[in-house]
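J.: This is what each chain is made of:
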Amino acid sequence: KNEVEQSPQNLTAQEGEFITINCSYSVGISALHWLQQHPGGGIVSLFMLSSGKKKHGRLIATINIQEKHSSLHITASHPRDSAVYICAVSTGVTGAQKLVFGQGTRLTINP
Amino acid sequence: DTGVSQDPRHKITKRGQNVTFRCDPISEHNRLYWYRQTLGQGPEFLTYFQNEAQLEKSRLLSDRFSAERPKGSFSTLEIQRTEQGDSAMYLCASSARSGRDSPLHFGNGTRLTVT
Numbered sequence: 019k020n021e022v023e024q025s026p027q028n029l030t031a032q033e034g035e036f037i038t039i040n041c042s043y044s045v046g047i048s049a050l051h052w053l054q055q056h057p058g059g060g061i062v063s064l065f066m067l068s069s070g071k072k073k074h075g076r077l078i079a080t081i082n083i084q085e086k087h088s089s090l091h092i093t094a095s096h097p098r099d100s101a102v103y104i105c106a107v108s109t110g111v112t113g114a115q116k117l118v119f120g121q122g123t124r125l126t127i128n129p
Numbered sequence: 494d495t496g497v498s499q500d501p502r503h504k505i506t507k508r509g510q511n512v513t514f515r516c517d518p519i520s521e522h523n524r525l526y527w528y529r530q531t532l533g534q535g536p537e538f539l540t541y542f543q544n545e546a547q548l549e550k551s552r553l554l555s556d557r558f559s560a561e562r563p564k565g566s567f568s569t570l571e572i573q574r575t576e577q578g579d580s581a582m583y584l585c586a587s588s589a590r591s592g593r594d595s596p597l598h599f600g601n602g603t604r605l606t607v608t
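Residue numbers (this note's numbering), protein chains in the order written: chain A, 19 to 129; chain B, 494 to 608.
There could be a bad hint or two in this list.
[Stated by the list, open to error] In the DSBU-like style, the derived pairs of lysine-lysine whose C-alpha atoms are separated by at most 35 Å in a straight line are:
1. B:564 x B:507
2. B:550 x B:564
3. A:72 x B:550
4. B:550 x B:507
5. B:550 x A:71
6. B:550 x A:86
7. A:86 x A:71
8. B:504 x B:550
9. B:504 x B:564
These are calculated hints, taken from the structure and not from any lab test.
Note that the structure is a prediction, hence the values are computed from the model and not measured.
With the hints as constraints, model all of the structure from the sequences given.
T.: Below, the structure written as structure tokens:
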């Protein structure tokens with residue numbers, strides 16, 4: 019069993035739909051990251067959180083430390099949101115951001 | 494802030510050859526990380542530097558792999574005697590030395606194909 023599990027692995031939706039991607043982890047963490055990866059490889063950090071909830075534009079990330087679970091929500095989805103979304107956790111005790119990654123969720127938003 | 498730069502973007506090499514990749518982090522970032530990503534998988538940690546010191550190496554990093562950050566700025570990752578299983582995207586990331594609240598900034602990666 020992977021230390022970081024995401025679901026679903028693939029998600030296709032229509033423009034405008036509310037999207038939820040889930041992440042569960044089994045190790046102790048100092049922070050959880052949501053990342054976005056477009057074709058070609060570049061990875062962009064969307065959120066880094068260790069408790070509660072963060073919002074940036076149409077994106078919302080929540081984390082429940084007790085349940086070891088996080089969700090990424092996208093409201094009013096748009097075709098440009100199509101990408102791979104990756105959940106990763108920081109396990110470094112020194113504060114270093116040594117990340118353990120989930121396998122990613124491939125999101126496709128159709129117009 | 495010009496972002497994290499990696500060179501080359503793509504590298505095709507024959508099995509048995511040596512390859513070297515370069516990463517230039519964001520200038521004020523003292524932490525630098527190398528990750529490897531194979532097709533359809535999430536990235537895997539390879540190694541981490543704080544300034545010029547290599548503080549941690551994954552067991553994934555076999556003896557054929559070596560990474561350096563000689564002056565605490567850019568870093569190189571060398572793979573000797575490449576094998577087909579080394580084909581992957583090699584990602585570099587950097588972060589500032591501000592404890593646990595500093596997000597990672599990723600480069601666009603170097604895609605290695607070993608034929």
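J.: Now tell me if each hint is right for this structure.
T.: How the hints compare with the structure:
Simply put, residue 564 of chain B and residue 507 of chain B have alpha-carbon atoms about 31 Å apart, close enough for the 35 Å limit, and the pair holds. A distance of roughly 19 Å separates the Cα atoms of residue 550 of chain B and residue 564 of chain B; the hinted pair therefore holds under the 35 Å criterion. The straight-line distance between the Cα atoms of residue 72 of chain A and residue 550 of chain B is roughly 32 Å, inside the 35 Å bound, and the hint therefore holds. The suggested pairing of residue 550 of chain B with residue 507 of chain B holds, with an alpha-carbon distance near 26 Å, which does not exceed 35 Å.
Taking the CA atoms of residue 550 of chain B and residue 71 of chain A, the gap is near 33 Å; set against the 35 Å cutoff, the hint holds. Restraint check: the Cα-Cα separation between residue 550 of chain B and residue 86 of chain A comes to about 26 Å, which is no more than 35 Å; the hinted pair holds. At roughly 14 Å between alpha-carbon atoms, residue 86 of chain A and residue 71 of chain A fall within 35 Å of each other, so this suggested pair holds. At roughly 23 Å between alpha-carbon atoms, residue 504 of chain B and residue 550 of chain B fall within 35 Å of each other, so this suggested pair holds.
For the hint linking residue 504 of chain B to residue 564 of chain B, the alpha-carbon distance of about 25 Å falls within 35 Å, and the restraint holds.
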